[in-house]
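Undergrad: The chain contents come next:
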Amino acid sequence: MNEAIKTDVLIIGAGPCGLFAVFELGLLDMKVHLVDILDKIGGQCAELYPEKPIYDIPGIPLVTGQGLTEALLEQIKPFNPTFHLNEMVESIEKIGDPGFRVTTDAGKVFECKVVVVSAGGGSFQPKRPPVPGIEAYENTSVFYAVRKMEQFRDKEILIVGGGDSALDWTLNLHPLAKRITLLHRRDEFRAAPHSVEQMRKLVADGTMDLKIGQVTALEGADGKLTGAQVKGSDNTMSTVSCDTMLPFFGLTMKLGPVANWGLHLENNLIPVETASFETNVPGIFAIGDINTYPGKLKLILSGFHEGALMAQKAHRYVYPDKRLVFQYTTSSSSLQKKLGVN
Amino acid sequence: MTKINFVDHSGETRTVEVENGATVMEAAIRNAVPGIEAECGGACACATCHVYIDDAWTEKVGKPTPMEEDMLDFGYDVRPNSRLSCQIKVSDELEGLVVTVPERQA
Numbered sequence: 001m002n003e004a005i006k007t008d009v010l011i012i013g014a015g016p017c018g019l020f021a022v023f024e025l026g027l028l029d030m031k032v033h034l035v036d037i038l039d040k041i042g043g044q045c046a047e048l049y050p051e052k053p054i055y056d057i058p059g060i061p062l063v064t065g066q067g068l069t070e071a072l073l074e075q076i077k078p079f080n081p082t083f084h085l086n087e088m089v090e091s092i093e094k095i096g097d098p099g100f101r102v103t104t105d106a107g108k109v110f111e112c113k114v115v116v117v118s119a120g121g122g123s124f125q126p127k128r129p130p131v132p133g134i135e136a137y138e139n140t141s142v143f144y145a146v147r148k149m150e151q152f153r154d155k156e157i158l159i160v161g162g163g164d165s166a167l168d169w170t171l172n173l174h175p176l177a178k179r180i181t182l183l184h185r186r187d188e189f190r191a192a193p194h195s196v197e198q199m200r201k202l203v204a205d206g207t208m209d210l211k212i213g214q215v216t217a218l219e220g221a222d223g224k225l226t227g228a229q230v231k232g233s234d235n236t237m238s239t240v241s242c243d244t245m246l247p248f249f250g251l252t253m254k255l256g257p258v259a260n261w262g263l264h265l266e267n268n269l270i271p272v273e274t275a276s277f278e279t280n281v282p283g284i285f286a287i288g289d290i291n292t293y294p295g296k297l298k299l300i301l302s303g304f305h306e307g308a309l310m311a312q313k314a315h316r317y318v319y320p321d322k323r324l325v326f327q328y329t330t331s332s333s334s335l336q337k338k339l340g341v342n
Numbered sequence: 343m344t345k346i347n348f349v350d351h352s353g354e355t356r357t358v359e360v361e362n363g364a365t366v367m368e369a370a371i372r373n374a375v376p377g378i379e380a381e382c383g384g385a386c387a388c389a390t391c392h393v394y395i396d397d398a399w400t401e402k403v404g405k406p407t408p409m410e411e412d413m414l415d416f417g418y419d420v421r422p423n424s425r426l427s428c429q430i431k432v433s434d435e436l437e438g439l440v441v442t443v444p445e446r447q448a
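The listed protein sequences correspond, in order, to chains A and B. Residue 342, in the numbering used here, is where the first sequence stops; the numbers in between run on with no holes. Residue 448, in the numbering used here, is where the second sequence stops; the numbers in between run on with no holes.
None of these hints come from the bench; they were simulated from the model. Built from N, CA and C at the ideal position, the CB exists for glycine as well. There may be inaccurate statements among the hints.
To be verified - Here are a few chain B residues that sit away from chain A, every Cβ distance over 10 Å (derived from the structure):
no. : residue
1   : VAL349
2   : HIS351
3   : SER352
4   : ARG356
5   : ASN373
6   : THR390
Stated by the list, open to error - Residues from chain B that face chain A, not an exhaustive set, calculated with beta carbons under 7 Å:
no. : residue
7   : ALA387
8   : TRP399
9   : ASP412
10  : ASP419
11  : PRO444
12  : ALA448
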């Protein structure tokens, strides 16, 4: 087992609520590590609507998802949190009273007093395309991500999708693959124009194929793919010969391993009490969109409030012998010192 | 108020009323019409409020914008009459609109 990273608090989910919780915990001297399955900070704000305006952050009439993420990062800078991106928390094991050992899918281990679940709608996971029986080929012939390019050397690859992932992997795997077919439902691409241009050139040179249509069925046996049936935009059917398929249909939110952490769940949400947003497991809190309680509103501002109250209770677990005196950032010189403004 | 008809995958129709200016997605969510998830809350940032527009209505409802087309790439069983219901604004013109909810959202 890897050596454990020790921290006061581990936050699962680096969306706006997780980020602001760093601030509230930091003011009370608690050190934080954050784990997020995405390759970037900001959660839904960064993944779903980076460019879209948000109008209901108190005191900020208009901010984009990306803008809010950047502002929060600036705000929590004094507390120097550590981010672990591209990782998903798999298990939480109780080792103290309270105290937890948390393990990620990358094999990283954390030991902490307090866990804060701010996982929004769950974890972002690749969307499975609507092809009957595709599950039987997953991880043998069908892959939703490319971890090692070498794995695809000399393969006959069908790449499905029209965004940057589909186009980037088409171009990157082209030199290695035996043959690449790119399939998209329309002859327009969301991907960067430069990559689309490069792809079209390879098609014109005859070194790869582009097809317009959607996969309707897979051919093969025992997890080994031999071809895909494709319905063209003109409804004609054809078969693409392939031993590997890489579908890139974006991400969807799935509750994922949260369900296995011993927390009560109600309709895929974690019930909490509203004095501290603690779950049924003492020392594990849930804030933001993933929790539920009477009157819950799924607003970013609610998550901020929940984070502030959570930090008060978390302080008792991390510093059982210290009395907490309530202070304002406006007037407290000790808080200002932590923020680096005094 | 304008009436919108949602036909589910089994063929059952639910008729709901919504004020003009709201979206077809909002009409579904406020009335708990099954099959419309609207994960992103109407930001045209997911594809989980996907519907098929009834043939008689495709012209009145119109075509998706390029941004919506991009999101439709992520939809489940996308067809030529596919739209994201969060991008359809309700008006008197759409009184009696019929849309079908796909077998499942993405």
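Undergrad: Each hint needs a verdict: does it hold in this structure or not?
TA: Evaluation of the provided hints:
Consistency note on VAL349 of chain B: stated as away from chain A, and its beta-carbon is indeed over 10 Å from all of that chain's, at 19 Å minimum. Consistency note on HIS351 of chain B: stated as away from chain A, and its beta-carbon is indeed over 10 Å from all of that chain's, at 13 Å minimum. Its beta-carbon lying about 18 Å from the closest one in chain A, SER352 of chain B satisfies the requirement of being farther than 10 Å from that chain. No Cβ of chain A comes within 10 Å of the Cβ of ARG356 of chain B; the nearest lies about 21 Å off, and the non-interface call holds.
With a closest Cβ-Cβ approach of about 18 Å to chain A, ASN373 of chain B is found to remain outside the 10 Å limit, as its non-interface label requires. Residue placement check: THR390 of chain B does not keep its beta carbon more than 10 Å from all beta carbons of chain A (closest about 8 Å). A least Cβ separation of about 4 Å between ALA387 of chain B and chain A falls short of the 7 Å threshold, and the interface hint therefore holds. At a threshold of 7 Å, the smallest CB-CB gap from TRP399 of chain B to chain A is about 22 Å, leaving the interface hint violated.
Taken as an interface hint, ASP412 of chain B checks out: its beta carbon lies about 5 Å from the nearest beta carbon of chain A, inside 7 Å. Here the hint on ASP419 of chain B is kept, as its CB sits about 5 Å from the closest CB of chain A, short of 7 Å. Evaluation of the PRO444 of chain B hint against chain A yields a violated restraint, the C-beta minimum of about 9 Å exceeding 7 Å. At about 6 Å, the closest approach between the beta carbon of ALA448 of chain B and any beta carbon in chain A falls short of 7 Å, and the interface hint on this residue holds.
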